[in-house]
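Visitor: Listed here are the chains, written in short residue letters.
There are 2 protein chains.
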Amino acid sequence: MFEELKTHFGKLVSLTPEEFAYVSSHFTSRKFRKHQFVAQQGSPVSHDFFVVKGLLKSSFVNEQGKEHILQLAMEDWWISDYQAYFNQTDATLDITCVEDVEVLCLSLANREKLCSELHQIEHFFRKKSNAGYIALQRRILSLMSQSAAERYHELLQMYPSLAQRLPKTLLASYLGVSRETLSRLSA
Amino acid sequence: MFEELKTHFGKLVSLTPEEFAYVSSHFTSRKFRKHQFVAQQGSPVSHDFFVVKGLLKSSFVNEQGKEHILQLAMEDWWISDYQAYFNQTDATLDITCVEDVEVLCLSLANREKLCSELHQIEHFFRKKSNAGYIALQRRILSLMSQSAAERYHELLQMYPSLAQRLPKTLLASYLGVSRETLSRLSA
Numbered sequence: 001m002f003e004e005l006k007t008h009f010g011k012l013v014s015l016t017p018e019e020f021a022y023v024s025s026h027f028t029s030r031k032f033r034k035h036q037f038v039a040q041q042g043s044p045v046s047h048d049f050f051v052v053k054g055l056l057k058s059s060f061v062n063e064q065g066k067e068h069i070l071q072l073a074m075e076d077w078w079i080s081d082y083q084a085y086f087n088q089t090d091a092t093l094d095i096t097c098v099e100d101v102e103v104l105c106l107s108l109a110n111r112e113k114l115c116s117e118l119h120q121i122e123h124f125f126r127k128k129s130n131a132g133y134i135a136l137q138r139r140i141l142s143l144m145s146q147s148a149a150e151r152y153h154e155l156l157q158m159y160p161s162l163a164q165r166l167p168k169t170l171l172a173s174y175l176g177v178s179r180e181t182l183s184r185l186s187a
Numbered sequence: 001m002f003e004e005l006k007t008h009f010g011k012l013v014s015l016t017p018e019e020f021a022y023v024s025s026h027f028t029s030r031k032f033r034k035h036q037f038v039a040q041q042g043s044p045v046s047h048d049f050f051v052v053k054g055l056l057k058s059s060f061v062n063e064q065g066k067e068h069i070l071q072l073a074m075e076d077w078w079i080s081d082y083q084a085y086f087n088q089t090d091a092t093l094d095i096t097c098v099e100d101v102e103v104l105c106l107s108l109a110n111r112e113k114l115c116s117e118l119h120q121i122e123h124f125f126r127k128k129s130n131a132g133y134i135a136l137q138r139r140i141l142s143l144m145s146q147s148a149a150e151r152y153h154e155l156l157q158m159y160p161s162l163a164q165r166l167p168k169t170l171l172a173s174y175l176g177v178s179r180e181t182l183s184r185l186s187a
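So the protein lines, in turn, are chains B and D.
Using UniProt numbering, read the first sequence as starting at 1 and increasing by one per residue.
Using UniProt numbering, read the second sequence as starting at 1 and increasing by one per residue.
Only chain B is shown next, with the shape it has when bound in the complex (with noise of 0.2 Å):
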């Protein structure tokens, strides 16, 4: 499963085969069933997690018990609680496993670490930060601005496999709308 990960970073960098054994050295690897908790509101979030196989979601539950979902992750994307992960305080997100889950799982410690050690993994996830915060503003201008009808297609559009794998509750609940509306926009 390390292979997943050296393809992922050679997007972005070259590393000798010494150097990547060295970073993939950092990594430990999880396997989480479906349904599963890989971080829980209230508990310290201990990893950022790139994903090998399978899907996962981050999400906001309230206190009347509607699940929000910020974000979803499949292969090649990593998920984690970040403001609890790098400000290492409790988690304000569940991250739940949508299918079984093969991740790579990298601390704050040794993410640091490696960044301090090798300029190009912190050349790296500066990038991977950079492109996780379009995502967010892209989130949340769609949020702001877009209707659930635009939401729903613009997920088609960009993420086809994406909307296949979720169940319909899911993808109803990330486009902030109910079931019985998504069953009007997708029919």
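Calculated directly from the structure, the hints in this document are not laboratory data.
Please note that a few of the clues may not be correct.
Because identical chains share one entry, a pair is satisfied inside a single copy or across any pair of copies.
Said to hold, decoys possible - Okay, derived cross-link-like pairs now, DSS-like style, lysine-lysine, Cα gap no bigger than 25 Å in a straight line:
1) Lys53 to Lys34
2) Lys31 to Lys66
3) Lys127 to Lys6
4) Lys66 to Lys113
5) Lys11 to Lys66
6) Lys128 to Lys31
7) Lys168 to Lys6
8) Lys66 to Lys6
9) Lys168 to Lys127
10) Lys127 to Lys113
11) Lys168 to Lys53
12) Lys113 to Lys168
13) Lys53 to Lys128
14) Lys128 to Lys168
Starting from the known structure of chain B, arrange chain D on it as the hints suggest.
Guide: The following block gives chain D in isolation, referenced to the frame of chain B:
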């Protein structure tokens, strides 16, 4: 005005006077008047802006002319349309001055050059990007799960001086409520 930038960098990295002089030589200073556009929907975004003095906003204006404020930036903050800046595409946001403004401008080419030449600068911008990511995560959770009243009180608590300086119409637009609703909240 480079004194402010020096203090700002000094919070995250240690640069020698020579290094800082080299870094600062890649910035240009500009002044804008209240209401002036720093970036405009549909045009390229040439720079990231470090705010030395004044207050700016980035906002999305929809086809009906309704303004949604994505972000505010005052002294010691950065602002740009990062999607447009990093991808070198046309802006989807307007960035305009709420007050008279002094900024230090960094082009993408100069940012990448500095990050490549100085590991510490790459570290600085990675940390800033992480912090920006966290701020957007908070903003999304707030938009998804908080009431207008909760958003208003959180803003007052976190950024009291910002809420003071911001005209009520813009404060309402940032919170996503009507001017009338805001009057009730702040009564």
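Visitor: Take the hints in turn and mark each one as holding or not.
Guide: Quick rundown of the hints versus the structure:
{"no.": "1", "hint": "Lys53 to Lys34", "in the structure": "within (12 Å within a copy, 51 Å between copies)"}
{"no.": "2", "hint": "Lys31 to Lys66", "in the structure": "neither (27 Å within a copy, 46 Å between copies)"}
{"no.": "3", "hint": "Lys127 to Lys6", "in the structure": "both (16 Å within a copy, 24 Å between copies)"}
{"no.": "4", "hint": "Lys66 to Lys113", "in the structure": "neither (38 Å within a copy, 46 Å between copies)"}
{"no.": "5", "hint": "Lys11 to Lys66", "in the structure": "neither (38 Å within a copy, 39 Å between copies)"}
{"no.": "6", "hint": "Lys128 to Lys31", "in the structure": "within (23 Å within a copy, 32 Å between copies)"}
{"no.": "7", "hint": "Lys168 to Lys6", "in the structure": "neither (33 Å within a copy, 51 Å between copies)"}
{"no.": "8", "hint": "Lys66 to Lys6", "in the structure": "neither (38 Å within a copy, 45 Å between copies)"}
{"no.": "9", "hint": "Lys168 to Lys127", "in the structure": "neither (32 Å within a copy, 37 Å between copies)"}
{"no.": "10", "hint": "Lys127 to Lys113", "in the structure": "both (17 Å within a copy, 14 Å between copies)"}
{"no.": "11", "hint": "Lys168 to Lys53", "in the structure": "within (21 Å within a copy, 48 Å between copies)"}
{"no.": "12", "hint": "Lys113 to Lys168", "in the structure": "neither (41 Å within a copy, 45 Å between copies)"}
{"no.": "13", "hint": "Lys53 to Lys128", "in the structure": "within (19 Å within a copy, 30 Å between copies)"}
{"no.": "14", "hint": "Lys128 to Lys168", "in the structure": "neither (29 Å within a copy, 36 Å between copies)"}
Violated hints, in rising order: 2, 4, 5, 7, 8, 9, 12, 14; the structure is consistent with all others.
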